[in-house]
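Q: Residue strings, one per chain:
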Amino acid sequence: MTTVEAVAASVNQTWILTVSFLIFFMHAGFAMLEAGQVRSKNVANQLTKNMLTWAVGVAVFFLIGSGFSSLMSGGGFVPAAGNASGPLGYVGWFYGAVFAMTAATIVSGAVAGRAKLRAYVTYTFLLAAVIYPMILAMTWSSGDAGSITEVLGFAPFADFAGGVIVHGMGGVAGLTAAAILGPRMDRYSEDGSINVIPGHSMTFAVLGTLLLCFGWYGFNVGTGAATAQGTGAGSLSLITLTTTMAMAFGAIGAAGVAYIKSGKVDTLYTANGMLAGLAGITAIPNTTTWWGSILVGILAGAQ
Amino acid sequence: MTTVEAVAASVNQTWILTVSFLIFFMHAGFAMLEAGQVRSKNVANQLTKNMLTWAVGVAVFFLIGSGFSSLMSGGGFVPAAGNASGPLGYVGWFYGAVFAMTAATIVSGAVAGRAKLRAYVTYTFLLAAVIYPMILAMTWSSGDAGSITEVLGFAPFADFAGGVIVHGMGGVAGLTAAAILGPRMDRYSEDGSINVIPGHSMTFAVLGTLLLCFGWYGFNVGTGAATAQGTGAGSLSLITLTTTMAMAFGAIGAAGVAYIKSGKVDTLYTANGMLAGLAGITAIPNTTTWWGSILVGILAGAQ
Amino acid sequence: MTTVEAVAASVNQTWILTVSFLIFFMHAGFAMLEAGQVRSKNVANQLTKNMLTWAVGVAVFFLIGSGFSSLMSGGGFVPAAGNASGPLGYVGWFYGAVFAMTAATIVSGAVAGRAKLRAYVTYTFLLAAVIYPMILAMTWSSGDAGSITEVLGFAPFADFAGGVIVHGMGGVAGLTAAAILGPRMDRYSEDGSINVIPGHSMTFAVLGTLLLCFGWYGFNVGTGAATAQGTGAGSLSLITLTTTMAMAFGAIGAAGVAYIKSGKVDTLYTANGMLAGLAGITAIPNTTTWWGSILVGILAGAQ
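Chains as they are written, first to last, in the numbering used here: chain A, 54 to 356; chain B, 54 to 356; chain C, 54 to 356.
Keep in mind that the hints were calculated from the coordinates and are not lab data. Please note that the accuracy of each hint is not assured.
Just so you know, same-sequence chains aren't split out, so a pair can sit in one copy or run between any two.
Claimed, not checked - Here are the simulated lysine to aspartate or glutamate pairs, EDC-like style, with alpha carbons at most 20 angstroms apart:
id, residue 1, residue 2
1, K169, D239
2, K169, D319
3, K94, D319
4, K94, D239
All figures in this text were calculated on a predicted structure; none of them were measured in a lab.
Let the hints inform the model, and build the full structure from the sequences given.
A: Here it is as structure tokens:
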């Protein structure tokens with residue numbers, strides 16, 4: 054017999070799978086965004102990095118990272134391999150993995166045209182095995198008994214869909230890598246003047262931006278649980294709105310600043326504004342107000 | 054306790070969100086279709102228009118247009134901002150907004166390579182604030198007591214997924230704009246002969262076409278409610294079929310006409326045929342027969 | 054009144070529609086993968102083939118192929134047209150059709166730059182009307198009373214999501230066509246040495262690969278039914294994992310072999326490895342173990 058509980062579980066499972074596929078699809082967005090913004094000579098290398106980020110990262114996160122995360126959260130070293138625990142089984146692991154790989158791939162943009170493939174793959178290994186799992190244990194799992202933050206006496210941490218955990222961590226890792234690697238070759242002329250390094254295809258860059266916006270709905274809205282339990286339905290409703298407004302006003306803010314500064318609207322500025330608005334709202338889409346999300350979007354886009 | 058009604062509401066909500074994401078994704082399709090069909094020098098401008106159509110349009114529709122629509126429908130000026138009414142809350146508004154922005158972006162193709170960005174953004178503002186909300190009040194909301202059509206004594210209006218309301222309105226607005234702006238520069242030689250203006254990338258144009266076809270399933274099938282209530286399940290079934298057949302026979306009709314007229318099958322003709330078949334069926338996918346949808350597809354594609 | 058059974062049916066129907074849209078979207082992936090790997094002069098022809106594969110194929114499968122399939126399965130010639138049988142109605146037919154068209158389009162890659170459009174469309178007609186329906190009757194429908202395999206006394210056939218039925222059949226058909234057509238023009242110099250024919254855009258090829266990976270989740274995970282019935286939920290969980298691992302280790306295997314053989318990682322090799330891993334796991338994602346899927350991925354990618 055079909056019970057209400059079984060149907061509700063199916064709704065949650067298919068919803069989580071649907072949004073996880075959308076989040077996975079963001080790798081196509083990152084690949085196009087980055088391929089469009091590098092020089093022609095770097096395209097092949099960049100695309101290889103994008104594919105291997107997912108392939109190496111998700112393999113390492115499954116075999117090692119998931120275990121390191123549970124260890125640091127006070128649950129002992131229990132990797133996901135061969136251990137489909139929880140009501141969602143491997144679907145729950147997959148949902149966590151697409152978030153982890155989003156954090157990993159952000160770095161590929163920061164080091165585009167800078168890093169050798171072997172060094173980059175080594176970094177991906179470390180991020181998926183140790184760095185991101187450690188961040189996880191210190192944040193989303195930080196209330197668990199025996200977790201590293203509980204042992205050290207830190208306060209719990211609120212970040213709805215990974216504004217800091219995914220995007221902040223990816224950004225810091227990318228900035229660190231960029232600082233270590235130094236500027237791209239040909240960035241400076243012999244007399245020290247700066248050379249602009251234009252991307253080779255604006256169309257691919259904007260395509261990547263729109264693919265990312267599509268996937269981002271999975272990222273933010275997907276983090277709200279499907280089945281209405283108390284505030285469930287209202288949560289999805291608010292997240293949909295604030296995500297949309299931050300994206301829209303991010304583009305408006307960036308386009309406005311570009312227009313004021315140079316008298317014309319720059320295409321890539323506008324695209325970056327959309328993504329900046331989305332990154333800005335990701336930590337708080339479930340608690341901010343509609344006008345709060347507009348403010349976040351404008352501030353993030355106008356940065 | 055989880056009730057059947059709560060689970061059914063979750064099914065409807067997640068289904069509406071899923072198809073709304075697909076419809077939002079059509080902006081990537083429009084961007085690629087149009088970027089591929091303009092000359093290289095117009096690509097950046099065109100991509101900026103595509104992004105700002107969504108960003109400016111959805112912001113204005115939220116802050117003003119939704120209020121103007123309710124005013125003309127007899128409900129007073131009640132904008133969506135701060136007023137998540139109805140069982141779906143902001144999800145219902147979002148679902149309406151992705152339809153509205155599809156109507157808005159159709160014009161960007163008609164004025165590609167013709168309009169300045171500032172003029173285009175002004176138009177987007179007007180469409181999202183006044184024009185589309187007015188059309189809404191005269192059609193989908195036209196049976197409401199106190200609505201403008203009820204006051205004027207007009208008959209109600211049937212259009213399942215916006216064949217006229219979205220695509221017809223977008224087309225008329227685009228035609229009007231094109232008539233006012235006149236032909237593209239370089240369209241005519243000094244002696245009055247016509248210059249063909251080829252697009253710069255057929256691959257992007259076909260990519261855009263296929264992205265639009267993907268999103269269109271959300272557009273048409275998504276308009277059928279998820280939970281079976283009487284004819285619900287049968288409705289989704291028929292809409293899936295007629296949408297598919299109109300798309301397929303649109304391509305066949307266009308390819309056939311091109312083959313008969315020139316002895317070879319034109320790629321962009323075929324792509325336009327797919328989209329024409331889809332636009333043709335959008336008003337009636339829930340009531341036509343399987344052979345009716347084939348006829349609609351052939352006629353629309355062979356236009 | 055809303056019953057549990059009605060809600061469960063809605064969950065299944067919307068899930069099947071969602072994954073069917075993803076599988077349909079694979080045509081965009083095939084189009085980009087193939088357009089990127091052919092020479093510039095063949096792009097338009099290739100894109101036309103991709104669109105007409107879907108358009109002609111799905112029309113023929115609806116009008117003829119579905120009837121031929123039921124005939125060979127012992128149910129008489131009952132085409133889907135005008136006969137929405139089964140609890141899912143046309144949605145069930147659509148779900149079968151997106152699998153059939155995936156099989157059909159695989160051939161378009163094998164004959165890229167080789168076949169004339171008219172010959173290719175004729176082949177698509179035959180595949181959708183006779184070949185694939187015959188394979189269906191001999192495999193997924195092979196247990197039915199009166200089916201051709203039951204009459205001939207063959208054993209039933211297990212293939213979860215079409216590893217052989219879709220991908221194997223498409224591959225054999227493509228190989229046959231390639232053998233008949235012979236090598237591409239310009240493949241050999243006059244002295245018999247081989248000319249490498251590089252594709253014209255690696256970015257489009259990788260975009261196509263990632264679109265296919267996205268759609269493939271629909272392909273494999275979608276084949277697991279949504280509503281938990283006994284092993285239902287566990288099945289979705291395992292399929293998600295094994296599909297992900299085979300994809301990841303396919304890329305790792307291909308990249309590793311390329312690195313060992315040539316000292317550098319080839320981009321298209323890596324992309325093909327991802328797809329090879331996915332094709333390799335498609336027949337068995339619901340029964341293999343996590344380490345089995347890793348093995349399948351490495352072997353398929355390193356081929």
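Q: Within a copy, between copies, both or neither: which one fits K169 and D319 at a CA-CA cutoff of 20 angstroms?
A: Intra 31 angstroms, inter 14 angstroms, cutoff 20 angstroms: inter-copy only.
Q: Is the C-alpha distance from K94 to D239 at most 20 angstroms within one copy, between copies, in both cases, or in neither?
A: within (13 angstroms within a copy, 27 angstroms between copies)
Q: When no copy is specified for K94 and D319, does a C-alpha distance of 20 angstroms or less occur within a copy, between copies, both, or neither?
A: between (24 angstroms within a copy, 14 angstroms between copies)
Q: Up to 20 angstroms between alpha-carbons, please classify K169 paired with D239: within, between, both or neither.
A: within (16 angstroms within a copy, 35 angstroms between copies)
The earlier numbered hints are all upheld by this structure, with none contradicted.
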